[in-house]
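Undergrad: With the sequences and hints as input, model every part of the structure.
Sequence lines, in order, name chains S and L. FYI, the working numbering numbers position 54 of the first sequence as 54, with every residue one higher than the one before it. Basically the working numbering = 1-based index in the second sequence + 1000.
Derived by calculation from the structure, the hints in this document are not laboratory data. As the structure is a computational prediction, the values presented were derived from the model and not from experiment. Hints are supplied without guarantee of correctness; some may be wrong.
[Unchecked claim] Interface residues of chain S toward chain L, partial, derived using beta-carbon atoms under 7 Å:
#1 V20
#2 A21
#3 E42
#4 T46
#5 T49
#6 R75
#7 L105
#8 G106
#9 G108
The C-beta atom is built at its ideal place from N, Cα and C for all residues, glycine as well.
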Amino acid sequence: MERVASEAQVRVFIRDESDVAVARRRARELASQQGLSEVEAEALATAVTEIARNIVVHAGSGEILFGLIADAPRRGVVVIARDTGPGIPDVEQAMQDGFSTKHGLGFGLPGARRLVDEFEIESKTGAGTTVTLRKWTSAESR
Amino acid sequence: MSDRTDGFAHEYFTALEGYLRAGHESALTRAYELGRRAMADGLGVLDMAVLHRGAVDVLVVSAPARDQPQFARAVADFFNELLSPFEMSFRGYREANEELQRFSESLRRQKEEVEIVNRELESFGYSVSHDLRAPLRSIDGYSQILLKEFAHALDDDGKKYLGNVREAAQRMSQLIDGLLSLARVTRTEIRRVDVDLTALARRISERLRAESPERGGRFVIEDGVRGNGDPSLLAVVLENLLGNAWKFTSKRKQAEIAFGCEERDGKPTYFVRDNGAGFDAAYADKLFGAFQRLHSPSEFEGTGIGLATVQRVVRRHDGQVSAEGKIDGGATFYFTLGGGRKP
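TA: Listed below in structure tokens is the structure:
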């Protein structure tokens, strides 16, 4: 489990699109609180949107935990998205872009992966999926 | 604007207006979703810019002057959301492109390696064939001397065995010739010109008839057949195909061999047809492999290299070669010359 300062932990339940909006706002707020640049914060918010959407579409409901993390001198945000949905039978395949789709390559889980610094996914068929994202401050940050 | 972008424009306007009024995150989510849908519909970033400007042009009028800085900030945030899906997808394309480049680079390297190995194999084959000829000449030559000058010292069996040695040596020499010509075909630069195939086929058929004047039969060679290719390599093809046809009709009282050109699958296709021994259609794909023979040397002499050479020449001309036939029902060989003109 992530070493998250408990006072910084925020939990957002995800059931529908309005919850996706809440999760995005949290992501952006915490990112700027940690000193990530606007572009970095937006990238994290976009990644969170995609995994929150995934929960709504594939699992029906779930939760997203946010935490502040530090690895001096870097600071960052960790996002843990959990659901108890059907799970992903083939994670490797799910992490690949749909080359066959005509437009919009790079959405969903692979899209989210490219927008953050660290990306982990764990899924068990029938038991649900957990996605962990981390986004750190960089030279670009304020 | 098209109906499609009109629909987007309306939705975008409504969402932006709502965001400016209430500042809810859910309006930003709608902008994001719109961007995502626009991408899936094949719209571009500039379409989004037009959409955005259209909405801002209308909304800026109703914004009080003192709220201008907040207004500017809010529309920028909103526009950001619309463009985020494009950014995400762009990263996907960039990564896919890098992967493709790595892949094509590794393909290029593999191709180079294969070419090097092929060249080495060819020159190896060439020098082996070359070096094998000298000892072979000795075997044949000394056998001949033995038969001629020491015939008195040999009984009938001895002479027969020595005759077998010579026959084997000559057969091996033919095999080597075949291999050398196969190697040459692979190495020669192709020089494409317009070739009078009718004249070429006539010359070859006359030579074949002269070689066995006792045989009956006829060659039917179509007039005015021309092809675009390397003259000496095309001569190799016709010599092999007509030579084969002549050979495999040797047991017919009336051999009939035809050469011409017809349209097959929309391409001018040359053919050599005979009424000879034919072959089992089930083995048609084996015909063109080097050293593959469907008849024993005792039935029809040969090395099994001729058709492999034909195939190689035709392939080097970007053409295709195929064969039809049945046992004792004759055979037809077809070939095309890629890029050739219709005769």
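Undergrad: Next, verify each hint and record whether it holds.
TA: Here is what the structure says about each hint:
| no. | hint | verdict |
| --- | --- | --- |
| 1 | V20 | 6 Å, holds |
| 2 | A21 | 4 Å, holds |
| 3 | E42 | 6 Å, holds |
| 4 | T46 | 4 Å, holds |
| 5 | T49 | 6 Å, holds |
| 6 | R75 | 23 Å, violated |
| 7 | L105 | 5 Å, holds |
| 8 | G106 | 2 Å, holds |
| 9 | G108 | 9 Å, violated |
The earlier numbered hints that this structure contradicts are 6 and 9.
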